[in-house]
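S.K.: For chain L, the structure is supplied; the task is to place chain P on it using the hints.
Quick mapping for you: the protein sequence lines, in order, are chains L and P.
Going left to right, the first sequence walks through residues 5 to 345 as this note's numbering numbers them.
Going left to right, the second sequence walks through residues 5 to 345 as this note's numbering numbers them.
Hints in this document: simulated from the structure, not taken from any laboratory.
Predicted, not measured: the structure shown is a model, and the values here were computed from it.
Treat the hints with care, since some could be wrong.
It does not matter which identical chain is meant; a pair holds if it fits inside one copy or across any two.
Unchecked claim - Within a straight-line C-alpha distance of at most 27 angstroms, the following computed BS3-like cross-link-like pairs (lysine-lysine) qualify: (1) Lys-76 to Lys-206; (2) Lys-273 to Lys-206; (3) Lys-76 to Lys-204; (4) Lys-86 to Lys-193; (5) Lys-51 to Lys-344; (6) Lys-266 to Lys-282; (7) Lys-193 to Lys-69; (8) Lys-193 to Lys-76; (9) Lys-226 to Lys-76; (10) Lys-282 to Lys-51; (11) Lys-273 to Lys-140; (12) Lys-76 to Lys-321; (13) Lys-51 to Lys-177; (14) Lys-101 to Lys-35; (15) Lys-35 to Lys-51; (16) Lys-7 to Lys-339; (17) Lys-333 to Lys-51.
Now for the letters of each chain:
Protein chains: 2
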Amino acid sequence: MEKIISIDAMGGDNGIDVTIEGACLAMKRQKELSVIFFGNERLIIEKLKNIEYSKDKIEVIHCDKVVEMDTKPIDAIRRVGKESSMWGCINAISEGKADIAISAGNTGALMGLSTIILRTIDGIERAAISSLWPNKTSHSVVLDLGANVEVTSDQLVQFGILGYSYAKSVFSKNDPTIGLLNIGHEEMKGTEIIQDASLKMKELFSRDYIGYVEGDNLSLGKSDVVVTDGFTGNIALKTAEGTARLIGHFISDVFGGSTMGKLGYLIGKSAFRALKDKMDPRELNGGVFLGLNGLVVKSHGGTDILGFSKAIEFSTKLSQNDISSEIKKLIAKKKDYESKD
Amino acid sequence: MEKIISIDAMGGDNGIDVTIEGACLAMKRQKELSVIFFGNERLIIEKLKNIEYSKDKIEVIHCDKVVEMDTKPIDAIRRVGKESSMWGCINAISEGKADIAISAGNTGALMGLSTIILRTIDGIERAAISSLWPNKTSHSVVLDLGANVEVTSDQLVQFGILGYSYAKSVFSKNDPTIGLLNIGHEEMKGTEIIQDASLKMKELFSRDYIGYVEGDNLSLGKSDVVVTDGFTGNIALKTAEGTARLIGHFISDVFGGSTMGKLGYLIGKSAFRALKDKMDPRELNGGVFLGLNGLVVKSHGGTDILGFSKAIEFSTKLSQNDISSEIKKLIAKKKDYESKD
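Chain L with its partners taken away, still in its complex shape:
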């Protein structure tokens, strides 16, 4: 099925050097993909001169301004405004010109603009950032990863609805399991907000809700979806990244430290490469903003051409229709039992 992705060409630490080449790489691999680049037309066309691509699959829309990596969300909305490449890129999905928007730009600004332009789905107070977290056999959907520092119990339940709907679509599962991140599995653990959310999620997701999951359960894949607030989610995500980097450092340390280690490394090189691939953060580049009337994908700001192309390829697998119809169904179910309480 053909997909049109709108791309904030100016976003990210490396701007068009990464976004344009990344998009062209993705289009080489996925034939049904076409893109709209938003950004400085002259620079984009200059860049495209050196790249092989099919002209009918690329549209360029000029935007005068750029949201910088350190622009505050409020300034991205009020000061930089509608002329930015980020705004244009998101607006394209609001206008139905593209299926999904993608940017490697400033996360806070992207979330701010996305919320202003697309608005949240009825019944969802706040959009959340979700990501696929690797485990032994597959992945889990984890959210929120940083958009909402403080949340109510009802918002946690809403994140549950978002994550569950997303998991159903992205994993093609009829009844994904869902858990709530906490510091123990006993009922009395955690804050009142979490305890209250747990009761509500039990009612809403019935058997698919498996209760509390702990930090180590994230990587053990205890449930298909893990719900948490944006503060905890962000700390957990970055802690996992830091741990993986530390172990990577230990590995090169011990295998570079002795002759036998070096030899073992040379002989087992393909295994080491497989390990590196498994741990390559570029393979899973792309946080999805859920809860809006339109899908926005956030690529890592510092990613490279391969990483950006992976984020685009990943985007093409998402279906806004599937996800939002499930979200609406669950919100109706939630309203239904709330009216009975």
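M.R.: Relative to the frame of chain L, chain P by itself:
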């Protein structure tokens, strides 16, 4: 310098099978160490029959009751009470019979009893659980790891005092650096509680306070001390453990999956062993309860003989006097500037 460690012989998933042998193993390695076992005298003496040890270094004090792994803290205090091995073990430091207490039992109960028996140091409202977090070159002190789910900004500053004093003693550093865990390094990030704590810590620790640190900074060792609330700290710790386990699984997966991988593994075996040692959680077994009038060390409940012996050996390196004199100095300094505000 001679150290006497009081041991809750009945605590942990494996009780005396681990605690007695672990203690005897530690005593073999550390000649200045002697222990007092609290627990079922008959069982302990029976167990000791099969182990080599020097009689003058072991005392056994009989306790009738045991705090089980699932006993609630309030029940450990009110129902099980003073006759438990856990109570006896902590009480020994309150009575000056031992230098440090150690238990592999139920964390919540151990913290509850420790607080009741030892009381917090004046100026410290709540005790915190701290641990040494490995990084590239050394370790950081991270706290709180689960004792205090919700905290005030002032309690975060108090945790800072505890962690800083502990780091000074355990790393023998005059001016350790200290950071506050947050989801970004910019001033406006995080909750109001964190922002307020940051201002206070800047005043108290001046140049040693490096501001906010993020989740990945834990493993990168950006500061000697990292302060957070018990909810976030617990999630971060378990997330790191889960990530390390997942990578361990990936490693055996890729190296067991091909002939060249297996061969590389065989040749690089010593390097793999070094890696395994570096990642062995038993090497760092021991969370220290800080802020009380006496040091209590919590060993992992599921640890084995080696792990328990490591926790004991680690305990012998701690000095309650050094740590608490520094804590008192910092509390006086804090009171001083608070009176000026």
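S.K.: Are the hints correct? Go through all of them and say.
M.R.: Hint-by-hint comparison with the structure:
| no. | hint | in the structure |
| --- | --- | --- |
| 1 | Lys-76 to Lys-206 | between (38 angstroms within a copy, 24 angstroms between copies) |
| 2 | Lys-273 to Lys-206 | neither (47 angstroms within a copy, 48 angstroms between copies) |
| 3 | Lys-76 to Lys-204 | between (35 angstroms within a copy, 25 angstroms between copies) |
| 4 | Lys-86 to Lys-193 | between (46 angstroms within a copy, 26 angstroms between copies) |
| 5 | Lys-51 to Lys-344 | neither (59 angstroms within a copy, 61 angstroms between copies) |
| 6 | Lys-266 to Lys-282 | both (21 angstroms within a copy, 18 angstroms between copies) |
| 7 | Lys-193 to Lys-69 | between (48 angstroms within a copy, 26 angstroms between copies) |
| 8 | Lys-193 to Lys-76 | between (36 angstroms within a copy, 11 angstroms between copies) |
| 9 | Lys-226 to Lys-76 | between (37 angstroms within a copy, 26 angstroms between copies) |
| 10 | Lys-282 to Lys-51 | neither (32 angstroms within a copy, 47 angstroms between copies) |
| 11 | Lys-273 to Lys-140 | both (22 angstroms within a copy, 24 angstroms between copies) |
| 12 | Lys-76 to Lys-321 | neither (31 angstroms within a copy, 48 angstroms between copies) |
| 13 | Lys-51 to Lys-177 | neither (41 angstroms within a copy, 53 angstroms between copies) |
| 14 | Lys-101 to Lys-35 | within (19 angstroms within a copy, 77 angstroms between copies) |
| 15 | Lys-35 to Lys-51 | within (21 angstroms within a copy, 71 angstroms between copies) |
| 16 | Lys-7 to Lys-339 | neither (34 angstroms within a copy, 63 angstroms between copies) |
| 17 | Lys-333 to Lys-51 | neither (45 angstroms within a copy, 62 angstroms between copies) |
Hints 2, 5, 10, 12, 13, 16 and 17 from the earlier list are contradicted by this structure; the remaining hints agree with it.
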